[in-house]
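A.B. asks: These are the residues of each chain, in order.
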Amino acid sequence: MILQYVFIYVFVLLFVYSFIRPFTSIAARMFLTVGSLLGLLSVSGLGFSTFIAEALGVSGSRDLFLYLGLMTIFIFVFVTWERHKNLEDKITKLSIEISLNQAKE
Amino acid sequence: MSRSSFIEDVYVVIPCYNEGAVIASVINILSNSFKNIVVINDGSTDDTEEVLNGLDVVQIKHPLNLGQGAAIFTGFEFLKRNTDALACVTFDADGQHSPLDAVLFAEEIKKCEEDVIFGSRFLGNQNEVPLLKRLVLKGVIKITNFLTNMSLTDTHNGLKAFKLKALTQLQTNLYRSAFETELIINIAKSDLSYKELPSRIVYTEYSRKKGQKLVNGFIIVEDLVRMLMKK
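Chains as they are written, first to last, in the numbering used here: chain A, 21 to 125; chain X, 9 to 239.
Since the hints were derived computationally from the structure, they do not count as laboratory data. All of these numbers come straight from a predicted model, not from anything done at the bench. Each residue gets a CB set at the ideal place from its N, CA and C atoms; glycine is no exception. A portion of the hints provided could be inaccurate.
Listed below are several chain X residues computed to face chain A (Cβ distance under 10 Å; list not exhaustive) [what the hints assert, rightly or not]: (1) 66; (2) 68; (3) 70; (4) 75; (5) 78; (6) 85; (7) 130.
Computed list of chain A residues with no C-beta within reach of chain X, every gap over 10 Å [as the list claims (entries may be wrong)]: (8) 27; (9) 31; (10) 32; (11) 43; (12) 49; (13) 50; (14) 56; (15) 74; (16) 92; (17) 118.
If we strip away everything but chain X, and leave its shape as in the complex, we get (with noise of 0.2 Å):
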């Protein structure tokens, strides 16, 4: 594939935090198809600066470990202010998502009509899920979509798109763990329009370490409750 046949209106982004383990693995294969890529050091204390000053990305460093939200977050900012991207992806550097899915959401976002596609693990093979996470995620994902009245399969997926148009729409506050939650509820009480394509997740003995731990639905329900009371 030549560089020019790359995507180049959209733009992966990509927190990290202490992958220094895996994120060249992960960056040299999305570098096939997408020309930039913007990755977020989220305070990493292990070699993952060095690692990514080697590779052909945007590097963009946060003084201390903020949370995956506060991430992300300066990813999309950076985006707005600085480039004339059309679309983002946003990937997890701990390479549980495949990359063909997100050049299939990247493709999907610059002809689709919605704002915004979900990524969801439980269209499709469902069976990769282990059934604890799958039971825990279920939980929360149907309490969720009772609350903000959203019809979602999953929740809590790192692998999504948005149009850029649709991140200035977007009034995400900074939490730590609400990030998601946050996106969530922000969408169901916006204009902005949605729709879930189905994304694999391979979890790697490495993803499982590093993953969220299944007693963090308690977590986000917590933080579901507390937003709605607070708007």
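Bound-form chain A, shown alone (with noise of 0.2 Å):
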């Protein structure tokens, strides 16, 4: 039960933070809020987790979770894949840099 307490603890506290931290993008931001929520719903219990999603028009909690699942998977996909371009464009970028200081030598 403690253990419980803590973890719904830790989860309302990063969906809180998913709002106020600073992020690069509105995928990270999401990745986070959805995440703290699945979590969150994972550790309060199958009535509260019913009660949310007949309240959202979900057929059942197992559903909810099914949906949220999916939503962070593909969330998380994006957000790495976005990180991944980031990264090779400032490869290139550096690369590229090295080749003209090369080439003026």
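From the two separate chains plus the hints, produce the assembled complex.
C.D. replies: Here you go:
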């Protein structure tokens, strides 16, 4: 029970933090928001998640977990891909500068 | 033709990746008309570097393969920083463009008012473009024109001419597959003027093997949408 409260506390903190923390992209913010929400629902018990699922119009808590899980995975993949692209751009810029400096010599 | 009658103030920029088999012949033909040729060796792993060392060109070598867009960007940066060029013509290394077209583009960019000249394989005789390629390219062109509000007849042709002052206005980011798209979006959003000239493309067995695959059309459209969403 104590562990459950600890996890709920952590996920609520993460959820709130996802709105405060400055992020470089909306996707990164969404990843923390949706991920912490998924975590919060996972530890808050079946009754609460069923209540949320019904409130959202999702047929049951199982479906809610599935949707949130899929969203989290997709956002994670997107964030990773964006970061990979940004890194690739930086390497490209660096390589170009090296090439231009060598060409000048 | 004496060396002094060569085109001096328009540079040729050639991005090059593993073109050791054909690059010498392409450059030899171009050097009959152009004095200044800049070849960007984009991390070739074949004998391209050795071949280029034996030719009268400026060779800029990328330490690793960065893609055609980055290679062209390097060429532009080199011209901006180290030369007093008036304009430049970009030319594919696989020999699919006509050197005569490059000369025409160079002469035209010097005297015309436009900042950029796009080559178009669809102006004039289209019969040489394979049917399937023509269909895919037409689709990509329609989507590009729709999204950028431009009216180009060919959006992915390697033969182009740029006034050097136009290059300084372009904020081209470096994307592997999307350089052409990024360039078009940049021009669409800038004050730069442009026009098109017909360019003949020779589809040899070699250029077909080396050239863009048709399915890359999907990547181009994806890049286009992504970039427009970003800006």
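A.B. asks: If a hint holds in the structure, say so; if it doesn't, say that too.
C.D. replies: Hints, one by one, checked against the model:
1. Evaluation of the residue 66(X) hint against chain A yields a held restraint, the C-beta minimum of about 7 Å falling below 10 Å.
2. With a cut of 10 Å, the hint placing residue 68(X) at the interface with chain A holds, because the nearest CB-to-CB distance is about 4 Å.
3. Against a cut-off of 10 Å between C-beta atoms, the interface hint on residue 70(X) holds, since the closest Cβ of chain A lies about 5 Å away.
4. Annotation: interface hint on residue 75(X) holds; nearest CB of chain A at approximately 8 Å, less than 10 Å.
5. Because the smallest distance between the Cβ of residue 78(X) and any Cβ of chain A comes to about 5 Å, under 10 Å, the interface hint for this residue holds.
6. For residue 85(X), the interface hint holds, the least distance from its beta-carbon to any beta-carbon of chain A being 6 Å, beneath 10 Å.
7. The beta carbon of residue 130(X) is not positioned within 10 Å of any beta carbon in chain A (closest approach about 31 Å), and the interface hint is therefore violated.
8. No Cβ of chain X approaches the Cβ of residue 27(A) within 10 Å, the least distance being about 36 Å, so the stated non-interface status holds.
9. With a minimum CB-CB distance of about 31 Å to chain X, residue 31(A) clears the 10 Å threshold, and the non-interface call stands.
10. Residue placement check: residue 32(A) keeps its beta carbon more than 10 Å from all beta carbons of chain X (closest about 32 Å).
11. Distance check for residue 43(A) against chain X: the nearest CB is about 16 Å away, which clears 10 Å, and the non-interface claim stands.
12. With 10 Å as the threshold on Cβ separation, the claim that residue 49(A) sits away from chain X holds: the shortest Cβ distance comes to roughly 16 Å.
13. Non-interface status of residue 50(A) relative to chain X is upheld: no Cβ of that chain comes within 10 Å, the nearest being about 15 Å off.
14. With a least CB separation of 26 Å from chain X, residue 56(A) remains clear of the 10 Å interface cut-off, as annotated.
15. Residue-level check passed: residue 74(A) sits 34 Å from the nearest beta carbon of chain X, beyond 10 Å.
16. No Cβ of chain X comes within 10 Å of the Cβ of residue 92(A); the nearest lies about 22 Å off, and the non-interface call holds.
17. Chain X draws residue 118(A) into its interface by the beta-carbon criterion, the shortest separation being 6 Å against a cut-off of 10 Å.
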